[in-house]
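Line by line, the protein sequences are chains F and W.
Quick note on numbering: the first sequence equals residues 1 to 215 in this note's numbering.
Quick note on numbering: the second sequence equals residues 1 to 215 in this note's numbering.
Take these hints with a grain of salt, some might be off.
When chains are identical, the list treats them as one kind, so a pair holds in a single copy or across two.
Think about it this way: if two alpha-carbon atoms lie no more than 25 angstroms apart in a straight line, the pair counts; the simulated BS3-like pairs of lysine-lysine are [as the list claims (entries may be wrong)]:
no. : residue 1 : residue 2
1   : 73        : 135
2   : 54        : 135
3   : 73        : 33
4   : 163       : 144
5   : 144       : 73
6   : 73        : 54
7   : 33        : 54
8   : 156       : 73
9   : 156       : 144
Just so you know, these hints were derived from the structure itself, not from any lab.
Number of protein chains: 2
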Amino acid sequence: MSRLADKIQAMSQKPARKEVADKSYHHDDLRQKLIDATRDMIRSGGVEALSLRKLADRVGVSRTAAYHYFRDKNVLLCTLAEEGFRQWQDQISRIFQDESRLPAERYRIYIRWYMSYALENAEYYDLMFGRSIWKQKCATESLKAVAYEVFQDQIKLIRQGQKQGFLPAGEDSLRLAQVSWGTLHGLARLLIDGIYTDNSHIDEMCDCAANLLMR
Amino acid sequence: MSRLADKIQAMSQKPARKEVADKSYHHDDLRQKLIDATRDMIRSGGVEALSLRKLADRVGVSRTAAYHYFRDKNVLLCTLAEEGFRQWQDQISRIFQDESRLPAERYRIYIRWYMSYALENAEYYDLMFGRSIWKQKCATESLKAVAYEVFQDQIKLIRQGQKQGFLPAGEDSLRLAQVSWGTLHGLARLLIDGIYTDNSHIDEMCDCAANLLMR
DNA sequence: ATCGGAATTTGACAGTGTCAAGATTGGCTG
DNA sequence: CAGCCAATCTTGACACTGTCAAATTCCGAT
Chain F
1 MSRLADKIQA MSQKPARKEV ADKSYHHDDL RQKLIDATRD MIRSGGVEAL SLRKLADRVG
61 VSRTAAYHYF RDKNVLLCTL AEEGFRQWQD QISRIFQDES RLPAERYRIY IRWYMSYALE
121 NAEYYDLMFG RSIWKQKCAT ESLKAVAYEV FQDQIKLIRQ GQKQGFLPAG EDSLRLAQVS
181 WGTLHGLARL LIDGIYTDNS HIDEMCDCAA NLLMR
Chain W
1 MSRLADKIQA MSQKPARKEV ADKSYHHDDL RQKLIDATRD MIRSGGVEAL SLRKLADRVG
61 VSRTAAYHYF RDKNVLLCTL AEEGFRQWQD QISRIFQDES RLPAERYRIY IRWYMSYALE
121 NAEYYDLMFG RSIWKQKCAT ESLKAVAYEV FQDQIKLIRQ GQKQGFLPAG EDSLRLAQVS
181 WGTLHGLARL LIDGIYTDNS HIDEMCDCAA NLLMR
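Please construct the entire structure, taking both the sequences and the accompanying hints into account.
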């Protein structure tokens with residue numbers, strides 16, 4: 001093929017591209033598409049592997065298109081984390097509403113669920129509870145709000161557990177909620193971050209944690 | 001002052017700079033200077049605020065000078081973290097060698113020390129236990145080695161505590177070490193990352209954690 | 001039909017880590 | 001003393017990042 005032919009093809013391609021739906025100016029719901037793509041990219045590759053430019057490429061849109069829906073990268077991440085917290089909240093309430101089990105048993109299940117969720121969705125857990133979001137002045141007000149809500153639920157569950165007699169009644173509910181979440185969060189982090197390298201005894205770790213927290 | 005004078009000054013400054021020790025080709029111990037400067041920069045500003053270029057500027061050396069002593073940024077960070085772990089190890093062994101206190105009391109002191117260290121040296125703690133270092137294949141072999149050593153010490157202390165009767169004897173020492181460290185690490189992380197915003201009741205949290213872990 | 005404003009793009013800038021190739025130096029050997 | 005070697009450090013370059021300002025394109029109301 002001659003070079004002239006190449007040039008002609010190049011000339012005819014450029015204008016053609018504008019009529020292809022790929023690079024059109026209006027999309028169905030770009031905002032949602034961005035969120036979905038972001039979620040995908042985070043799930044495979046983690047928060048740090050996400051760049052707004054790759055995201056834009058993936059959605060088939062220009063680099064800065066996302067800035068119309070999210071003030072900056074941080075707000076986008078906060079939006080995703082918020083979504084995560086809502087689902088998180090649902091899952092937990094579902095576990096504790098299961099009347100077919102004893103309260104103490106539900107709490108043990110909750111612990112195992114927490115751990116398996118954190119490990120199976122490590123990248124997403126890292127987004128929700130990681131430094132990228134919470135650093136300093138990073139967290140959106142609405143993110144802080146939903147996180148606060150989740151923690152309030154946590155306190156309620158702890159208080160309930162104390163009344164039901166499987167959590168130590170002597171401790172302050174708030175402190176107990178903080179420490180028990182701390183325990184789960186700490187284990188999750190140590191495993192996710194690869195500081196604990198043995199992932200084959202997680203159930204035993206959960207049991208040990210449960211034994212310490214419950215009585 | 002005339003512009004001509006400025007130009008003359010500019011011309012006389014540039015060649016002069018090469019004879020100043022600032023930009024000379026050989027330094028006393030550039031490696032150590034780099035490490036020191038890195039530590040300073042991490043302490044004020046955190047891991048993410050560290051860039052090799054700013055670091056080079058600060059030491060008064062060209063952008064890529066550090067690459068002669070550290071394969072990449074990650075290795076530099078691992079070196080710093082390693083240093084941190086050694087001091088960490090020293091501090092802990094000092095606490096547990098204090099014979100003037102009862103074993104159980106020492107453990108409570110250890111918990112408080114852990115927490116205050118983590119919060120007062122938040123950026124450094126974040127380096128040592130953070131994702132930046134441990135991610136995947138990130139941690140240097142020597143870093144992994146010293147971290148492993150520290151954790152082995154931890155297990156020993158736990159086993160000792162079980163024998164001395166202030167830690168639950170029924171639990172497997174390894175699991176107990178994992179979970180107890182998890183508790184402290186989790187609390188530290190939640191506080192450092194700003195997920196727990198109330199820093200005014202840390203002692204109570206420590207006490208609550210101690211009550212759960214000890215018996 | 002036209003004009004406004006929303007949606008999207010292009011261009012640009014400063015910053016990053018890192019590689020390859022060149023410049024400089026101190027110390028050793030002849 | 002000359003000369004070269006290897007360690008040390010610099011310059012230039014590349015690809016990548018987030019984000020701003022200024023176009024551009026487009027849909028819907030007037």
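Here's how the hints hold up against the structure:
1. 73 - 135: both (14 angstroms within a copy, 22 angstroms between copies)
2. 54 - 135: both (24 angstroms within a copy, 21 angstroms between copies)
3. 73 - 33: So residue 73 and residue 33 pass the 25 angstroms test inside one copy only (15 angstroms; across, 35 angstroms).
4. 163 - 144: So residue 163 and residue 144 fail the 25 angstroms test inside a copy (29 angstroms) and across (44 angstroms) alike.
5. 144 - 73: within (17 angstroms within a copy, 33 angstroms between copies)
6. 73 - 54: both (12 angstroms within a copy, 24 angstroms between copies)
7. 33 - 54: within (14 angstroms within a copy, 37 angstroms between copies)
8. 156 - 73: Classified as neither: same-chain Cα gap 34 angstroms, cross-chain 45 angstroms, threshold 25 angstroms.
9. 156 - 144: So residue 156 and residue 144 pass the 25 angstroms test inside one copy only (18 angstroms; across, 40 angstroms).
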